[in-house]
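Visitor: For our numbering, count along the sequence shown from 1 and bump the result up by 289.
One thing to keep in mind: the hints can contain errors.
Claimed, not checked - Straight line, CA to CA, 30 angstroms or less: simulated DSS-like cross-link-like pairs of lysine-lysine: (1) K404 - K336; (2) K336 - K397; (3) K397 - K331; (4) K388 - K309; (5) K402 - K388; (6) K336 - K309.
Stated by the list, open to error - Restraint ranges, calculated between C-beta atoms of paired labels, are given here: (7) G368 - E315: 39 to 45 angstroms; (8) K462 - F381: 35 to 41 angstroms; (9) K309 - L432: 17 to 23 angstroms; (10) S325 - E428: 15 to 21 angstroms.
Think of the hints as simulated: they come from the structure by calculation, not from any bench. Beta carbons are placed, not taken as given, at the ideal position from N, Cα and C, and that holds for glycine.
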Amino acid sequence: MLAALCQEQLVRYDRLRRSKLLAYNENHPNQTIGLSVISIGKPEVGKAVSNHLNLLDANLWLYADPDSALYSAIDLNTGISNFITMDTAYTFRDRLMGKRQDGMSDLKDVMNKWKDAFYTPPREDQAFQQGGVLIFGGEQDQLHYSHYDPSTGAHVEAEVVFQKALDLASSLKSKD
Numbered sequence: 290m291l292a293a294l295c296q297e298q299l300v301r302y303d304r305l306r307r308s309k310l311l312a313y314n315e316n317h318p319n320q321t322i323g324l325s326v327i328s329i330g331k332p333e334v335g336k337a338v339s340n341h342l343n344l345l346d347a348n349l350w351l352y353a354d355p356d357s358a359l360y361s362a363i364d365l366n367t368g369i370s371n372f373i374t375m376d377t378a379y380t381f382r383d384r385l386m387g388k389r390q391d392g393m394s395d396l397k398d399v400m401n402k403w404k405d406a407f408y409t410p411p412r413e414d415q416a417f418q419q420g421g422v423l424i425f426g427g428e429q430d431q432l433h434y435s436h437y438d439p440s441t442g443a444h445v446e447a448e449v450v451f452q453k454a455l456d457l458a459s460s461l462k463s464k465d
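Input sequences plus hints: build the corresponding full structure.
Guide: Written out as structure tokens, the structure is:
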């Protein structure tokens, strides 16, 4: 299930990248927005999952971190105590009740074909690794937004991330 949630996020980021980010960058060639997704795992597994999910140009934005070096450097939540908490239950409750934009449709699609792209992390301790989101911008690439997933599935909605990035780009553009 954990890997399916990660795959679901990739599908959502890919869809929003195609529908919002590429259009924004085309219309604002002097102020583009980039997307980088870093995942635990081996590069060859990342490529296989990207192909399985039909991600567009994933080699340009999806990176593997087999040793969790970046995860460790930015101190994302990890460990059995973060694996499943009440945040997981509340997130799924909100998704099922329509209180979140991410709903359940992408997860259902991923789960229907997940058996063909099942993978395990390179190291056992990575199974308890949570993700997060960091948005940087401006001349000094300052951190403008951060979210550390508190528990499995309790990630920030991809739509929220993209809107925050677009808002940041607009605010930086207006300062020029």
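Visitor: Would you mind marking each hint as holding or not holding in the structure?
Guide: Quick rundown of the hints versus the structure:
Note on K404 and K336: the hinted pairing holds, with a Cα-Cα distance of about 16 angstroms set against a maximum of 30 angstroms. At roughly 22 angstroms between alpha-carbon atoms, K336 and K397 fall within 30 angstroms of each other, so this suggested pair holds. In summary, the hint linking K397 to K331 is supported, as the alpha carbons are separated by about 25 angstroms, within the 30 angstroms threshold. With a C-alpha separation of about 22 angstroms, the suggested pair K388 and K309 falls inside the 30 angstroms cut-off, and the hint holds.
Between K402 and K388 the CA atoms are separated by roughly 26 angstroms; this keeps the pair inside 30 angstroms, and the hint holds. Taking the CA atoms of K336 and K309, the gap is near 23 angstroms; set against the 30 angstroms cutoff, the hint holds. Taken as a hint, the range 39 to 45 angstroms holds for the pair G368 and E315, whose Cβ atoms sit roughly 42 angstroms apart. Between K462 and F381 the beta carbon distance is about 37 angstroms. The supplied range of 35 to 41 angstroms therefore holds.
Separation of K309 from L432 is about 21 angstroms and conforms to the stated range, judged on CB atoms against 17 to 23 angstroms. Under the hint 15 to 21 angstroms, the C-beta atoms of S325 and E428, about 19 angstroms apart, fit the expected range.
Against the hints set out earlier in the document, no violation occurs for any number.
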